[in-house]
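Residue numbers (our numbering), protein chains in the order written: chain A, 0 to 127; chain B, 0 to 127.
No wet-lab data here; the hints were simulated from the structure.
These numbers come from a predicted model, not from an experiment.
The beta carbon of each residue, even a glycine, is placed where N, CA and C say it ideally should be.
Among these hints, one or two may not hold up.
[Unchecked claim] Residues from chain B that face chain A, not an exhaustive set, calculated with beta carbons under 8 Å:
1) GLU8
2) VAL81
3) LEU105
4) ILE121
[As the list claims (entries may be wrong)] Computed footprint of chain A on chain B, listed as stretches where at least three residues anywhere in the stretch have a Cβ under 8 Å from a Cβ of chain A:
5) 10-18
6) 36-46
The chain contents come next:
There are 2 protein chains.
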Amino acid sequence: MGGHLLDREAVRAANLAFYQSFEDNDLDVMYSLWEHTERATCVHPGWPMLRGWPQIAASWFTLLTNGGQTQFIVTNEVIEIVGDVAWVTCDENVLTDASGATVAALNMFVLSDSQWRIATHIGSQVRG
Amino acid sequence: MGGHLLDREAVRAANLAFYQSFEDNDLDVMYSLWEHTERATCVHPGWPMLRGWPQIAASWFTLLTNGGQTQFIVTNEVIEIVGDVAWVTCDENVLTDASGATVAALNMFVLSDSQWRIATHIGSQVRG
Chain A
0 MGGHLLDREA VRAANLAFYQ SFEDNDLDVM YSLWEHTERA TCVHPGWPML RGWPQIAASW
60 FTLLTNGGQT QFIVTNEVIE IVGDVAWVTC DENVLTDASG ATVAALNMFV LSDSQWRIAT
120 HIGSQVRG
Chain B
0 MGGHLLDREA VRAANLAFYQ SFEDNDLDVM YSLWEHTERA TCVHPGWPML RGWPQIAASW
60 FTLLTNGGQT QFIVTNEVIE IVGDVAWVTC DENVLTDASG ATVAALNMFV LSDSQWRIAT
120 HIGSQVRG
């Protein structure tokens, strides 16, 4: 349970904004939450590892502009902070137009210029 | 590409030891590589999020003492370090007695008492 209270609230808000922007298909907000760096990585369930901001941005463009609707009920959210790195583990209970699934997820944030930005997102679908 | 060279080598060695101990079914080494903490988390592909060392230790006991043999060819390993936190992203090309798969993985290490120990492992199977 490291980290200052204000940092924990900032990380919690950023993690919520991540799922909210996905629900809202809001590409601008989604883009603003991420590090636009080479080291950024992203794994959507079933997808290969995406490396670097251009690949990751392209994936969000595909996911958020396909006309679909995705709803998240995020549970068991736990925030840990060590120095300028924070990570959130949670269960994404995902409802799409077509189906539902549970995804075990880790979102890692790095503090830079007073902002906690996503450096890594990885989701692993739980077998039903 | 943050972090001192010696830290990078220590993290690389710990990440290799993680996969080697899995291949060798060496529970003692596997246990020694992890933080034995409440905050530790682990997601095996298809499994739900495991939280805290007792749950994680039990999962490794199950996986490493079932008489099976798992071989890992780890590719695209990238190490990042920010302060006392390191994370390794890689592709696990996994061969078991029964099947093969590719898993996109993230291993996060935290430096404590001069040792980089695994705080989080999460693997997400790539759809073939």
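Query raised in the report: For this structure, which hints from the list above don't hold up?
Result: Of the numbered hints, 1 and 5 do not hold.
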